[in-house]
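A.B. asks: Below are the chains, spelled out letter by letter.
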Amino acid sequence: MFGDFDTGVIFDNLHFLVEGMQTTLVLTLIAIGGGLILGTLLALARLSRFRALSFCAGGYVNFFRSMPLILVIFWFYFLVPHVVGRPVGGFYSVLVAFVMFEAAYYCEIMRAGIQSVRKGQIYAGQALGLSYAQNMRYVVLPQAFRNMVPILMTQAIILFQDTSLVYVVGIKDFLVSADLVANRENRILEMFTTVALVYFVICLSGSLLVKRLQRKFAR
Amino acid sequence: MNYNWDWGVLFREPYLDWLISGFLWTISVSLAAWILAFTLGSIVGIARTVDNDWARGIATCYVETFRNIPLLVQMFLWYFVFPELLPYDAGMWVKRELPMPEFTTAVVCLGLYTASRVAEQVRAGIEAIGQGQRNAGLAIGLTPAQVYRYVLLPVSYRIIIPPLTSEFLTIFKNSSVALTIGVLETTAQARQIEEYTFQGFEAFTAATLLYIVVTSVVMLLMKLIEGRVRIPGMISLGAK
Amino acid sequence: MINLKKISKWYGDFQVLDDCSTQVEKGEVVVVCGPSGSGKSTLIKCVNGLEPFQQGEITVDGVSVGGKDTNLSQLRSRIGMVFQNFELFPHISVVDNIKLAQLKVLGRSDDEAHKNAMRLLDRVGLADQADKHPAQLSGGQQQRVAIARALAMDPIAMLFDEPTSALDPEMINEVLDVMVELAKDGMTMMVVTHEMGFARRVANRVIFMDEGRIEEDCTREEFFNTTRGERAQIFLSKILEH
Amino acid sequence: MINLKKISKWYGDFQVLDDCSTQVEKGEVVVVCGPSGSGKSTLIKCVNGLEPFQQGEITVDGVSVGGKDTNLSQLRSRIGMVFQNFELFPHISVVDNIKLAQLKVLGRSDDEAHKNAMRLLDRVGLADQADKHPAQLSGGQQQRVAIARALAMDPIAMLFDEPTSALDPEMINEVLDVMVELAKDGMTMMVVTHEMGFARRVANRVIFMDEGRIEEDCTREEFFNTTRGERAQIFLSKILEH
Amino acid sequence: AEGSMVLDRIKERGTINMGHRESSVPFSYIGNDGKPQGYSIDLCMKFVDAIKAEIEMPDLKINLVPVTSQTRIALMANGTIDLECGSTTNNLTRQKQVDYLPTTFITGTKIASKKGSGITEIEDLEGKTVALSLGTTNEKAIKRVAEANGINIKTLMVKDHPQGWLSVETGRADAYASDDVLLYGLVSKSKNPADFQVTGRFLSFDPYGIMVPQNDSLYRRLGTATLADMMRSGEIHKIYDKWFNPGPTGINMPMSDTLRTAFEIQALPH
Ligand SMILES: Nc1ncnc2c1ncn2[C@@H]1O[C@H](COP(=O)(O)OP(=O)(O)OP(=O)(O)O)[C@@H](O)[C@H]1O
Ligand SMILES: Nc1ncnc2c1ncn2[C@@H]1O[C@H](COP(=O)(O)OP(=O)(O)OP(=O)(O)O)[C@@H](O)[C@H]1O
Ligand SMILES: [Mg+2]
Ligand SMILES: [Mg+2]
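Chains as they are written, first to last, in my numbering: chain X, 1 to 219; chain B, 1001 to 1240; chain L, 2001 to 2242; chain R, 3001 to 3242; chain A, 4001 to 4270.
Chain X on its own, in the form it takes in the complex (with noise of 0.2 Å):
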């Protein structure tokens, strides 16, 4: 089986992939900026004192958190273009989708970063009078931030798999150029290989980036 493995294949359509890959780079990087600010503003609303503003913040989370992202790729497809009253095309409407599913994770994660800063620094913070706006821009998210970097590279890395998910709606990033290429071209077991070892190599490079920066924030 593997006697015949057809390496043509894969230089025939590199600059196919290439671009497929360029598509889950722009996605991944994209999702990973929004989700963080909106997931960093549904963690500042969930830890909030009112009531209302963190049961919906939690609402929210726990919602996204039990869907496949799958089925939130499909319904945002459909009911984005509804909202805004307009055709959005695929690439769009998967970035408002990411964005909004990331988000409930990276809330998780910026909650637990927030609080991982102890009491005691935002007690000091407003000690020295500062704003409650201030505290957290100067005190208290560079910290949670700080802290949450190895998981939120994780996090990353989940991301960086799951954008082939956006076959669903008909733009190729890596891994479905390459399924296109293998449906085309019958040469499903050397693309899959492919993938799977250039998945590996770029995602154990961030995992060891990961590490590296933990070490280095574990002081």
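Hint data in this document are derived by calculation from the structure and do not stem from the laboratory. All C-beta atoms in this analysis are idealised placements derived from N, C-alpha and C, irrespective of residue type, glycine included. The reader is advised that the hints may include incorrect statements.
[What the hints assert, rightly or not] Computed spacing ranges between beta-carbons, pair by pair:
#1 B/1130 to R/3006: 23 to 33 Å
#2 B/1232 to X/213: 30 to 40 Å
#3 L/2122 to R/3015: 14 to 24 Å
#4 A/4115 to B/1013: 39 to 49 Å
Put chains B, L, R and A with the ligands on the given structure of chain X with help from the hints.
C.D. replies: Quick look at chains B, L, R and A with the ligands alone, frame taken from chain X:
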């Protein structure tokens, strides 16, 4: 919207049967995979914290391999590539004689994948307890194994209940990947119904609701367990 | 300067502070002591509004702390506070710790804030450590930086919550020395501490708390020389004996 | 009883222990003091094999700690150890903390272990707290339970690593009192502590460590009365002054 | 114009949204250059030309929207796509949601296996394993015929055609049952085309058609007329040959008599 809603389709034969059987497959794949993941993940996670370079090295390799390849790809590799790596007879046996081949493969693949993530949680839980408790256990004469059994594990499992809950939820959601090797679980059945009837919205709504039901039950269950094992007087276990 | 009138506070059903009244005059040093859990930290946190209270009134320099339209941030910026665990901000350097509130709260220029920070670091004997991160300093050094950080706001009074109890024994004195200097310079201070040596040297008054109540509130001489209530007696014997 | 011969230990390039030799005779109480980071905890952990060391030899009751075929678990079960942060097992009750090793290591019957545990709890004055969980006790109470837990193994010697430094001041004495009792009952003890009051009352010898070396190793009288090395002098003046 | 919602909205947008599949070789798939191409796409382009003429917008823009089997109906229902060019089987259940243009291709379930396996008809599969693609009409057909004739077949469900094929290649299954056109495509693309065979009678008939939104007879009639014209003029035969005989993928499938007849019947006069 130019769409003919027909919720009745969900309750017609054979589609209702399909949904029910899909749901049952989701549950059985997930639970079986969870048992595997929890057991193996615990072993690997513990191995990453013991005082033996070999055990640690092997466990680390395991974790890095299994969590750095997308589940979808692993599913494929287990189903199509793994049997080819075996000696011919064994390979043929896996391909032809293995009882319920799709189910077994899905459980093994999902279980091994999730185990790598459970292992990370278990390790984090043990490391969160710190050297002090380990030393205290050793100092009263417990063997290293006893220290794990009576001191480190009971506390670390309590600490990691929240992240374990997430993994448990994820395994239900990830079980849908099993459809790629032909396990007709909930998502696959929803697709089937859509292919047959073109009533996709109804089918996917049903699937979404089924997932929300399962995950809600799991969250509730884990909350109950968390309450049951809470240690009197302790506010937060992770704090130390 | 600091005026507490019949303060009571509850956590749920549990009463932490019970009808506490006292005042601290300008330039006075008041030491607060008492068993663990007696409410000392809570009391001192109420003074600059870090903890809300349900009954009574606290005024600082004429401003009511619990008042509806009191600008708490502004009030707090005028009261320095030093914590048991130093609570320096670990992610920025020592000098930035001292500059942060000067820049963001007082709106000083970077230059002015820096000069001021260096002057204060010099005062606590740590000018050469300005660019390190807190975690690179010993506990005693961190606490001295924390004092400098509080002083940078030119506070009208300073609150200390067990400033030496998280320190290794050999570092306690370097912090106490800074505090004694401060007292001698005429700073108004409210200090929760068990260091009776410090109380003996600079306290004008000593307050003894137990179970949320102020059980004793008297001058240093009265406190150390006359017979006191039974609880205070027992407590003092415990912490002085070893 | 405990014999240390030329112990050296490195963490990577960093030498924590440098050629440390001393011995503790049966029934002797030895206090170890010295600045933070001088290697006191490391030294005491080497004695029951919690930390490996690279050079030298330690024997306890004739058994070599670093020896190839030493049964470390068995050796440790014969030496009691008490930690700075108590390290009670949080998930089981106080009495179960004391019973655990009796059941699993010594193989005592549940009945016997329970009786023994209750006897020891009574000895440290906590018989009424047997069924609580550690987190429901005060620090001083937790440390007394930790001592009871160590005693339950009928140890031939006890090691203490700063047993009172995580305690509130008014709880220090309740722990020290238990330790003094123990010393008076003839227990062999090696105690890392800064409580010089304790040293004065019961120590037979005092060891002063600095930068991984044993700088002083002399009787209590010598240590407190005669002139010592400069470092020890400075250190002692710091921790005794306040 | 009186009552073509679809034409109105195309005109208003100045764009026509054309749904296409990504791996339905050789009907509608992404080529090496990353662009959709295929038999269905070519036919749709003719339809688009007719639309351009009808609404008098020669520079009408074509927006290609990739669709999957899960999204095609929803996208058509919510108005995102104006037509779907893929390889969608026409049946009555599906007509509850969408309308179809005339049949442009006819295929049916057949069986592919290794040469020398002794399998020619479904009856030869007694006791053997056949791979089936999830949710396809082929799955229904095989199960129906097997049940009717009392044949005992083990089935193996797969996600897509290449996986079904791989099952046969690796010996996990003895045969793969699918639309004959797809089977020929798989054989021609396999590494050793000479080792495999496509055999048996048609176990089902699957007519493919271009999907259009429902309840717009004007729009549908325009499509029907376009295709009928091509069938009458024989133009459709040229397009057929371009993709199937032998076609860029080497599929090598001369037009069947059934399809030829179908084209003749559907070539309605004006
Ligand atoms: N957030 C809280 N919720 C409930 N109870 C609290 C809270 N914070 C403090 N307490 C309780 O209030 C009481 C007083 O606490 P406080 O910290 O003021 O004591 P303290 O005198 O400073 O003690 P210590 O010497 O240990 O610092 C204690 O019994 C404590 O358990
Ligand atoms: N695991 C480790 N890796 C590297 N260095 C270590 C490790 N553990 C301790 N050290 C270093 O070894 C030195 C001695 O540590 P040790 O804990 O024995 O000191 P100590 O005298 O007990 O101090 P303290 O009074 O603060 O408890 C310190 O400088 C410490 O930083
Ligand atoms: Mg306090
Ligand atoms: Mg130590």
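A.B. asks: With reference to the structure, classify each hint as holding or not holding.
C.D. replies: Results of checking the hints against the structure:
| no. | hint | in the structure |
| --- | --- | --- |
| 1 | B/1130 to R/3006: 23 to 33 Å | holds, 31 Å |
| 2 | B/1232 to X/213: 30 to 40 Å | holds, 37 Å |
| 3 | L/2122 to R/3015: 14 to 24 Å | violated, 35 Å |
| 4 | A/4115 to B/1013: 39 to 49 Å | holds, 41 Å |
Figure legend: structure checked against the earlier numbered hints; the only hint not met is number 3.
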